[in-house]
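Quick note: the sequence shown uses my numbering, first residue -10, plus one each step.
Errors might be hidden in some of the hints.
Calculated pairs, SDA-like style, for lysine to any residue (alpha carbon to alpha carbon, straight line, at most 25 Å) [to be verified]:
| no. | residue 1 | residue 2 |
| --- | --- | --- |
| 1 | Lys419 | Ala60 |
| 2 | Lys393 | Asp431 |
| 3 | Lys314 | Pro282 |
| 4 | Lys289 | Lys513 |
| 5 | Lys125 | Asn150 |
| 6 | Lys144 | Lys513 |
| 7 | Lys238 | Lys454 |
| 8 | Lys102 | Val197 |
| 9 | Lys454 | Ala60 |
| 10 | Lys412 | Val382 |
| 11 | Lys394 | Pro282 |
| 12 | Lys485 | Asp453 |
| 13 | Lys307 | Ala428 |
| 14 | Lys485 | Tyr355 |
| 15 | Lys405 | Lys485 |
| 16 | Lys419 | Lys404 |
| 17 | Lys131 | Lys419 |
| 18 | Lys174 | Gly152 |
| 19 | Lys289 | Asn150 |
| 20 | Lys314 | Ala368 |
| 21 | Lys195 | Asn240 |
| 22 | Lys454 | Glu48 |
| 23 | Lys483 | Ser175 |
| 24 | Lys404 | Thr381 |
| 25 | Lys224 | Trp203 |
| 26 | Lys516 | Ser259 |
| 27 | Lys485 | Ala339 |
| 28 | Lys362 | Lys289 |
| 29 | Lys174 | Thr93 |
| 30 | Lys208 | Glu222 |
| 31 | Lys208 | Lys419 |
| 32 | Lys195 | Asp165 |
In short, the hints are calculated from the structure, not lab data.
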Amino acid sequence: MKKGIALATCLTLLFGVITGCSNSSTPSQPAGQTSQPSATPTEATKTEPMVLRWSINSEPPSMDPGIAVDADSFDMIYAAFEGLTSYDLNGQLTNATAESFTNTPDYMNYTFKIRKDAKWSNGDPVTAHDFVYAIKRNLDPKTASEYAYQLYYIKGGEEYNTGKGKADDVGVKAIDDYTVEFNLKSPTPFFRELTFFPTLFPLHQKTVESSPNWAAEAKTIVGNGPFIMDTWEHKSKIVFTKNPNYWDKSNVKLDRLEISMIEDNNTAFSMFENGDIDWGGYPASTLPTDAIPSLKDAGKLMVADNPGTQSVVFNTTKPPFNNKKIRQAFAYAINRQEIIDNILQTGVPAAYGWVPTSMGLKPDGYFKEDNEKAKQLLAEGMKELGLTAFPTVTYTYDTTDTNKKVAEALQDQWKKVLGVNVKLYNAELKVYRDMRSQANFDLIRFQWGADFNDPINFLEMFRDKTGGNNHPDWENAKFKELIDKSYNEPDLDKRKRILLDAETILMDEMPLAPLNFRGSPYVKNDKVKDFIIFPLGGAYFKYTSVTR
């Protein structure tokens, strides 16, 4: 999606159609199988509202683009908000709230022109000042944005967020009401792609400053996206309606988006089979593993192949997983293919590195399963810690049928190979997230999907022990040095080698044990057309239509 950087092929799944990438600076016309979107029925021919019935696994913790960290929240945010860029039906990065952009040849300055017809849902104009306000607010340490590090590419961003600089020194400014300029601290060829991420979305300043809980109720949310949140019945349902003030409303076909919160994936799949919702599986929910073989045999199963990695994270701050050899022992003792074949059943690749193979650092990985080596490492690690018996540890995972079965398989494999006892703790999603962010665990499930298509997105989260997504609480001086060096290396081949060296350290230190690269199964109502699974994962409803 970027000029001058070796990125993987775009992976947008438009019901199995894989399309190419674009770096055009002009708005792309959305397209499906033809050059135009599916025709919208005229008011004269419409007999009833066009409604998509969707589901998510849990209550979104926040609709605040600067605060949200989970997939359910992001999917809702992409319905109600919009950044400078987005994706069209061909999987191409395209201008959205921005009508055009320019960048300097060294990729250190980007300038975006805001559409003069872009409006907030209350009718106020969207301006360059709204972007400047949002970015500086998200960098403010008081905001406690876990994704603030995504803004460290901006000059002065890290300094302000870490209390070493001032807001006035952050390299984002409004040249005029409709021109926003970014000055970056080092060459960043993928910065335009990053503007698609919610941390860089605009915010309506009066709304944000009117109440600390503005993002928790439908009536107080003012967005600039294709839909307005009409109803939010907490822990039950969310209803969106078409935003009449959206600049591109003529391409928004749905009148209403009805979203049910269904924590149990078996229940969600039953509702899909009964016709009560229009989608089963990713990105709405997780398909029950027992349903996958029959769906596959019937030719109904589809798999979204977005870059991401599932792993086991070790708490490196306390024994026994403060010992590298013990972490390695647990990683080498996992039979990944057994889990893929018997539980996931989607043909995804086993992961022997953290960065997805599509991003091209080391496709063959950095290690392999080795039971004898695992036993040896465990014994050596226990000796180093002065342990005569291995303590009972607990593996925490979030509630889904698939996660439960993977947890049970890991428990069994670690017992058979290492002779250790691992307890399992099934945590409700909010509890799981809190435990993960507070390092309140021994081992915990963690899946990371790409925010933008570059290896740095999988590596820089471990740069600092206090980083928002550094769940192992791991830090390594040489690793940090390499990440910082990559930020300032304009030669793409040299930069790739630097990032390869960084991942080599990560996989030797093993603060997390990769399990498999992401492949997310789903089924859909054939009457649903032009729904987008973003190239990097997640739901986008803007162009969707449903014929009943």
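Next on the checklist: Against the 25 Å threshold, does the CA-CA distance of Lys516 and Ser259 hold or violate the hint?
Outcome noted: Cα-Cα ~18 Å, so holds.
Next on the checklist: With the threshold set at 25 Å, check whether the alpha-carbon distance from Lys314 to Ala368 stays at or below it.
Outcome noted: 9 Å, holds
Checklist entry - If you draw a straight line from the CA of Lys394 to the CA of Pro282, is it 25 Å or shorter? => result The hint holds at about 16 Å.
Next on the checklist: So if I understand the rule, the pair passes when the alpha-carbon distance is 25 Å or less; does Lys238 with Lys454 pass?
Outcome noted: Violated. Lys238 to Lys454 sits at ~44 Å, over the 25 Å cutoff.
Checklist entry - If you draw a straight line from the CA of Lys208 to the CA of Glu222, is it 25 Å or shorter? => result 12 Å, holds
Checklist entry - Does the alpha-carbon distance linking Lys144 and Lys513 stay inside the 25 Å limit? => result 44 Å, violated
Checklist entry - Is it true that the CA of Lys419 sits at most 25 Å from the CA of Lys404? => result Given pair Lys419, Lys404 is violated - Cα atoms ~29 Å apart, limit 25 Å.
Checklist entry - For the pair supplied as a hint, Lys454 and Ala60, is the alpha-carbon distance within the 25 Å limit? => result 23 Å, holds
Checklist entry - Holds or violated: are the alpha carbons of Lys174 and Thr93 at most 25 Å from each other? => result 13 Å, holds
Checklist entry - Would the pair Lys393 and Asp431 pass a check requiring their Cα atoms to be no farther apart than 25 Å? => result 17 Å, holds
Item to check | Holds or violated: Lys125 to Asn150, with C-alpha atoms at most 25 Å apart | outcome: 9 Å, holds
Checklist entry - Would the pair Lys195 and Asp165 pass a check requiring their Cα atoms to be no farther apart than 25 Å? => result Holds. Lys195 to Asp165 sits at ~19 Å (cutoff 25 Å).
Consistency note: the structure conflicts with the earlier hints numbered 3, 6, 7, 15, 16, 19, 21, 22 and 28.
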